[in-house]
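Engineer: Sequence:
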Amino acid sequence: MQNTIREENQNTVSSPKKGTSGGGFSSRSLLRKFLKYSLLSLLALMLYFGAVDLNFLWLFGRSPGIADLKEPKQSLASEVYTADGVLLGRYYSENRSPLSYPEISPKLIDALIATEDVRFYSHWGIDPKAIGGAVISTFSGGNRGGSTITQQLAKNLFKTRKDATKGLLGRVPGIGTVIAKTKEWITAIKLEGRFSKQEILTYYLNTVDFGSNTFGIKIAARTYFDTTAAGLSLPQCATLVGLLKAPSSYSPLMNPKRSEMRRNVVLGQMLKYQKISSAQYERALHTPLKLNFHIEQTYEGPATYLRGVVSNYLKTWCKKKGFDLYTDGLKIYTTIDSRM
Numbered sequence: 001m002q003n004t005i006r007e008e009n010q011n012t013v014s015s016p017k018k019g020t021s022g023g024g025f026s027s028r029s030l031l032r033k034f035l036k037y038s039l040l041s042l043l044a045l046m047l048y049f050g051a052v053d054l055n056f057l058w059l060f061g062r063s064p065g066i067a068d069l070k071e072p073k074q075s076l077a078s079e080v081y082t083a084d085g086v087l088l089g090r091y092y093s094e095n096r097s098p099l100s101y102p103e104i105s106p107k108l109i110d111a112l113i114a115t116e117d118v119r120f121y122s123h124w125g126i127d128p129k130a131i132g133g134a135v136i137s138t139f140s141g142g143n144r145g146g147s148t149i150t151q152q153l154a155k156n157l158f159k160t161r162k163d164a165t166k167g168l169l170g171r172v173p174g175i176g177t178v179i180a181k182t183k184e185w186i187t188a189i190k191l192e193g194r195f196s197k198q199e200i201l202t203y204y205l206n207t208v209d210f211g212s213n214t215f216g217i218k219i220a221a222r223t224y225f226d227t228t229a230a231g232l233s234l235p236q237c238a239t240l241v242g243l244l245k246a247p248s249s250y251s252p253l254m255n256p257k258r259s260e261m262r263r264n265v266v267l268g269q270m271l272k273y274q275k276i277s278s279a280q281y282e283r284a285l286h287t288p289l290k291l292n293f294h295i296e297q298t299y300e301g302p303a304t305y306l307r308g309v310v311s312n313y314l315k316t317w318c319k320k321k322g323f324d325l326y327t328d329g330l331k332i333y334t335t336i337d338s339r340m
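With our numbering, letter number 34 in the sequence shown gets 34, and the count goes up by one each step, no holes.
If you're looking for bench data, these hints aren't it; they were derived computationally from the structure. The reader is advised that the hints may include incorrect statements.
What the hints assert, rightly or not - Capping the alpha-carbon separation at 25 angstroms, the derived lysine-lysine pairs in BS3-like fashion look like this:
#	residue 1	residue 2
1	70	129
2	70	155
3	159	36
4	331	320
As the list claims (entries may be wrong) - Pair by pair, the computed Cβ-Cβ distance ranges are:
#	residue 1	residue 2	range
5	124	172	26 to 32 angstroms
6	255	161	31 to 37 angstroms
7	290	162	21 to 27 angstroms
8	102	296	20 to 26 angstroms
9	27	159	16 to 22 angstroms
10	316	119	46 to 52 angstroms
11	34	248	46 to 52 angstroms
12	277	231	30 to 36 angstroms
13	36	101	47 to 53 angstroms
14	171	320	33 to 39 angstroms
Ideal Cβ positions, reconstructed from N, Cα and C, are used throughout, including at glycine.
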């Protein structure tokens with residue numbers, strides 16, 4: 001009887017306690033360590049983001065401030081008109097004229113979102129799922145991007161990759177790219193908090209580079225197809241959105257075959273996300289790529305001598321008034337009557 005009790009006591013002592021592992025660590029202890037390191041990592045990340053945003057010790061370069069976000073600066077062409085409102089020409093460093101959201105074809109919006117940022121209406125500037133996909137793609141040898149439309153807008157508007165925005169650390173290879181990407185994340189969140197989704201799309205399409213010195217959808221539609229942004233057909237919308245991946249590589253002028261292939265990829269994305277029907281897809285897929293290409297020059301059109309005189313006058317006037325004739329989008333009205 002005593003032997004039996006002793007054996008039972010020994011078995012009780014030698015049995016591992018509930019909630020412990022064979023290594024002697026309790027699950028509660030592991031959980032505490034996990035939470036501790038998670039909180040420390042989160043704190044370190046927040047401090048890093050704050051340091052980048054505030055340009056701590058001038059290490060990270062300037063980030064957009066409140067004033068920049070209130071009214072983002074765009075390089076806009078200045079336009080010269082006759083007294084009766086007929087456009088004579090433009091002065092510009094980047095040929096760009098802004099449009100409002102209703103002036104842009106809904107098909108173009110659908111093509112852009114289906115191709116560049118399918119979760120645009122549900123994210124807050126950063127898409128974790130897209131970032132995860134980009135990381136996996138990189139490790140598997142691919143080149144899939146993870147930037148949202150809002151991040152691309154931040155990059156276009158505030159030139160986050162230019163030397164002027166780099167700090168001391170930003171000039172170190174590799175580290176500079178991480179810092180620039182961080183700025184784009186932070187700025188994208190700020191943009192989402194300040195502007196509506198429609199405003200972000202409008203800003204993006206007004207600023208993006210379509211190649212051949214065409215900036216913004218208004219000039220791109222006129223340069224490539226001699227039409228308006230509202231009058232673009234489905235194949236034309238897909239062609240222009242396809243350009244955004246690489247304007248030179250997918251130029252319909254320089255690389256028509258590659259451009260058509262890229263256009264068809266965009267159409268496929270629109271079909272996949274139910275932006276177009278199968279019938280629309282098939283019709284657009286078999287539509288030949290037809291351009292009406294014409295690059296607008298500053299010396300084209302009527303009254304070229306007058307525009308030269310106006311330009312010389314305005315250079316002095318702009319210097320006194322603090323304007324830039326080639327980037328500030330001035331509207332200049334002359335005394336010329338087009339009907340005469």
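Engineer: Now look at each hint and say whether the structure bears it out.
Structural biologist: Hints, verified against the model:
| no. | hint | result |
| --- | --- | --- |
| 1 | 70 to 129 | violated (29 angstroms) |
| 2 | 70 to 155 | holds (16 angstroms) |
| 3 | 159 to 36 | violated (38 angstroms) |
| 4 | 331 to 320 | holds (17 angstroms) |
| 5 | 124 to 172: 26 to 32 angstroms | holds (30 angstroms) |
| 6 | 255 to 161: 31 to 37 angstroms | violated (25 angstroms) |
| 7 | 290 to 162: 21 to 27 angstroms | violated (37 angstroms) |
| 8 | 102 to 296: 20 to 26 angstroms | holds (24 angstroms) |
| 9 | 27 to 159: 16 to 22 angstroms | violated (50 angstroms) |
| 10 | 316 to 119: 46 to 52 angstroms | holds (51 angstroms) |
| 11 | 34 to 248: 46 to 52 angstroms | holds (48 angstroms) |
| 12 | 277 to 231: 30 to 36 angstroms | violated (21 angstroms) |
| 13 | 36 to 101: 47 to 53 angstroms | holds (48 angstroms) |
| 14 | 171 to 320: 33 to 39 angstroms | holds (37 angstroms) |
The structure fails to meet hints 1, 3, 6, 7, 9 and 12 from the earlier list, while all remaining hints are met.
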